[in-house]
Amino acid sequence: MWALGLALQVAAPAVLVAAAPAASDRVVLMAPYGGAPVPLGTPGGAKNPAIQFCRGSAQLRGWTLVADGNDAAARLQPPPVGSSGAAHLVWTANAADCEPAAAAASAGPAAREEASGEGRSRTSPGASAAGRERFPSRVTTALPYAALPQVEPQSVVWNVDAGRLDVAGRNLAGALLRWRFAAPATSAPVASGGDEEGAVDGSDVCRDPQEGAGGLQTCSFTLARTLLAEPLALQLTFYPAGTPAQGRVQVFDALARPQHLPTLLPEKSLLSAVLGVDGAVALQTDGGRLPLRHPEAVGSASCEQALCQVEDGSLSIHGELGGAASLAVTLQLRPHLFFVDPDGSLRSSRTLALPVQRCPVSLASPPPLRGLVGQRLVLRLGDACAREGSLQYVVNDAPSRVVQTQRLAEGIYVVLAAGPIAGEEVRIVAHHGAQVVGTANARSQPSPTLHSR
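Numbering (the working numbering), first residue to last: 18 to 470.
Derived from the structure by calculation, the hints contain no laboratory data. Values in this document were obtained by computation on a predicted structure and should not be read as measured data. Quick reminder that beta carbons are idealized off the backbone N, C-alpha and C, glycines included. The reader is advised that the hints may include incorrect statements.
Claimed, not checked - Ranges between beta-carbon positions, derived for each pair:
1. Q322 <-> S464: 16 to 26 Å
2. P308 <-> G436: 54 to 64 Å
3. R418 <-> S379: 14 to 24 Å
4. A370 <-> E441: 22 to 32 Å
5. R181 <-> T81: 36 to 46 Å
6. G391 <-> Q227: 30 to 40 Å
7. A90 <-> G330: 11 to 21 Å
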């Protein structure tokens, strides 16, 4: 198993300090029941010693504030085992901010922005120079928790196409997974909604852990299904139940000593789809290009009686295929990547028998509409199709009647009367008797909605 950092073996409950991004202006501290007092520190640090918390507005709810007259050395004592509660402390550079900021401590983001002047410090004329520095009111929230999740590194399996991560471990009930995917600079875009570095992140909670072998629990987490199959780019961190979905997180042990949660990588990454098109795939007799769903996952490709290579996101096939009915193509995946067979077995390579298409067929008309009765499809056939004689056509397993055939300089055009199309996938097959000589694949479009005035 790959891990970025040391594995965390904590027998006693630990402590979390989560610092939210500047925009949220909120810090979440998670401490174990009955643990040692956790240092709060001072948000302003040495540069701004005037920043302090509003003592009168502190909502402790079972926690104990140990200040000793010095805010910089202030600590929070977690509640004992069996109790619960969230403590709120308001930090500000101006004592006049304490009352409105305290009122927003447990309110939503909009209320907190209003209380803190939308990120602008409101300093009274008598405040010190340090106090006049830009510093919004900030809320520290403390939450108790029981135990850190302990994930078995070699159990981490990422199903790329399903967008699912499966793990086994202990203390998984309610555990939070935060994941971050940062694809290599040479890769295609990861997904929409990435940050300025092109990375995508997200989180999910273990809501229904199952009891597994050896006293371990198993659980599944949801990830985006649009990620590239790049296991080294997916970083996984697991946090105890109750951890908020966002914010920078720091961990302490039960003695309030700083710790670091391990960042894990998938031990196995699984793929179910190979080619970027559904249904049968056909080649021309002189080769061709086939789109790959995950070209970044393919380490090498080999073909019988042809030259194959992966380039520009496709499988490129060169060579005269002659009278062969099919071409055997073997795709070898990169390390830690596996194909999933229908029976659940895993393979690092897969061999495909791709049919050789002697009659090139493509859809020349716009994509068909779903549910429309009596629509026409226009096919373009290659010149080689003329040698096949009279052809019959099937659209999604339903025979289609030829309405018109016309030969032009660029090829042969056939107009079909297609029946209603129900699904998104459309497969058109041209056959001569029992022999399939050409296929075309397309995606249908929803029929427009008509509105009367």
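For the hint 16 to 26 Å, verify it against the beta carbon of Q322 and that of S464. Between Q322 and S464, where Cβ atoms are some 45 Å apart, the hint is violated.
Regarding R418 and S379, is the given constraint of 14 to 24 Å on their beta-carbon distance met? holds, 20 Å
May I ask you to test the hint 54 to 64 Å on the CB atoms belonging to P308 and G436? 28 Å Cβ-Cβ, so the 54 to 64 Å window is violated.
Does the Cβ distance between R181 and T81 fall inside 36 to 46 Å? Between R181 and T81, where Cβ atoms are some 42 Å apart, the hint holds.
For the hint 22 to 32 Å, verify it against the beta carbon of A370 and that of E441. Check passed, 26 Å falls within 22 to 32 Å.
Please test the hint of 30 to 40 Å on the beta carbon pair from G391 and Q227. Once the Cβ atoms are compared, 52 Å apart, the range 30 to 40 Å for Q227 and G391 is violated.
May I ask you to test the hint 11 to 21 Å on the CB atoms belonging to A90 and G330? violated, 58 Å
In the structure shown, a violation is registered for the earlier hints numbered 1, 2, 6, 7, in ascending order.
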